[in-house]
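**Q** Below, each chain spelled out in residue letters.
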Amino acid sequence: MRLTAADGYTAQRSYSISSPPERPEIELIVERLEDGEVSPYLTDVLRRGDLLELRGPVGGYFIWPTGTNEPVQLIAGGSGVVPFLSMLGHHRATGGSRSVRLLYSARTVDDLIGRDELDHQPATVEVNLTLTRGVPAGWPGLTGRIDAVLLAGHTIPPAQAPHLLVCGPTGFVETVAGALIELGHDPGRIKTERFGASGGPS
Amino acid sequence: MTDPDGVADRRLDANAAAGPLAELFTVDLTAAVTTCAGCGNRAPLAAHPLYADAPALVVRCPNCAGVVLRYASNGSRLRLDLTGARLLTVTLGLD
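Protein chains in written order, with my numbering: chain A, 1 to 202; chain B, 1001 to 1095.
By construction, these hints were calculated from the structure, which means they are not laboratory data. Every residue, glycine too, gets a C-beta built ideally from N, C-alpha and C.
Covered by chain A, according to a simulated footprint, are these stretches of chain B (three or more residues, beta-carbon under 8 Å): (1) 1012-1020; (2) 1027-1039; (3) 1043-1053.
Dumping the calculated SDA-like pairs for lysine to any residue here, alpha-carbon to alpha-carbon at most 25 Å: (4) A:Lys191 - B:Cys1039; (5) A:Lys191 - B:Val1090; (6) A:Lys191 - B:Thr1035.
Beyond 10 Å from chain A on every Cβ pair, some chain B residues (computed): (7) Arg1070; (8) Arg1077; (9) Leu1078; (10) Leu1082; (11) Thr1089.
Extracted from the complex, chain A is given alone in its bound form (with noise of 0.2 Å):
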């Protein structure tokens, strides 16, 4: 995305699409960063009717496994869940009858992105929550950040050779694919993409 000042100064940023391919309209979820030059506005100032300059989608290494019916397991670390939220809106979409599950890290109940669209998963999706800091009653899911010890017992094991994709904050995406080679998946199965804060692709 570009944006052009009056005075003719642009800022470009990446961001991820949330929505799937099959919808005819396009969805970015933005973080706002209060420290942030493009967030800030895109959160506060934008209205509805502003036009924007888009270019995109890019990126074919951080992508859906296509040509296979392989198993997938998702492992996503705050709004590193965004292109997976695409993803999963992509497999129901098409029917998908591939095993797929998804691990996600958030911070609080309320930092939780799509949890409804969570809650309503096929058959064929499992999604597991937990919260790192600050649990409501009654809560269902997880807790603590995502280790070796919450990876072994809520991912699809080695033995079924999923694909993997890791997508999250730089040291939550390296804690988390060490974590899943020390458990015996191939390097080469796993895919990751960090998200940077202040100003990078969020």
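Given the coordinates of chain A, work out where chain B should sit on it, guided by the hints.
**A** Chain B alone, transformed into the frame defined by chain A:
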């Protein structure tokens, strides 16, 4: 998500360079297998670490950390340095 000093989180994947590089290339370069000129390591460009806060986008080798690609765009001029990339292999028809 938000790192207090905003530094640690800025080591991204070269995936995030897909948009800027699309200004210059007609194919998706992030899916291209890149051979490091320094150590010969081969990996998809998207799986390389990207340092986005330098004056240019700096893509480093995941094996030896050598600079593989630098790309800068200031609106009127694009600069691309591929000194550190011995070979780029693009597979056509991925879509």
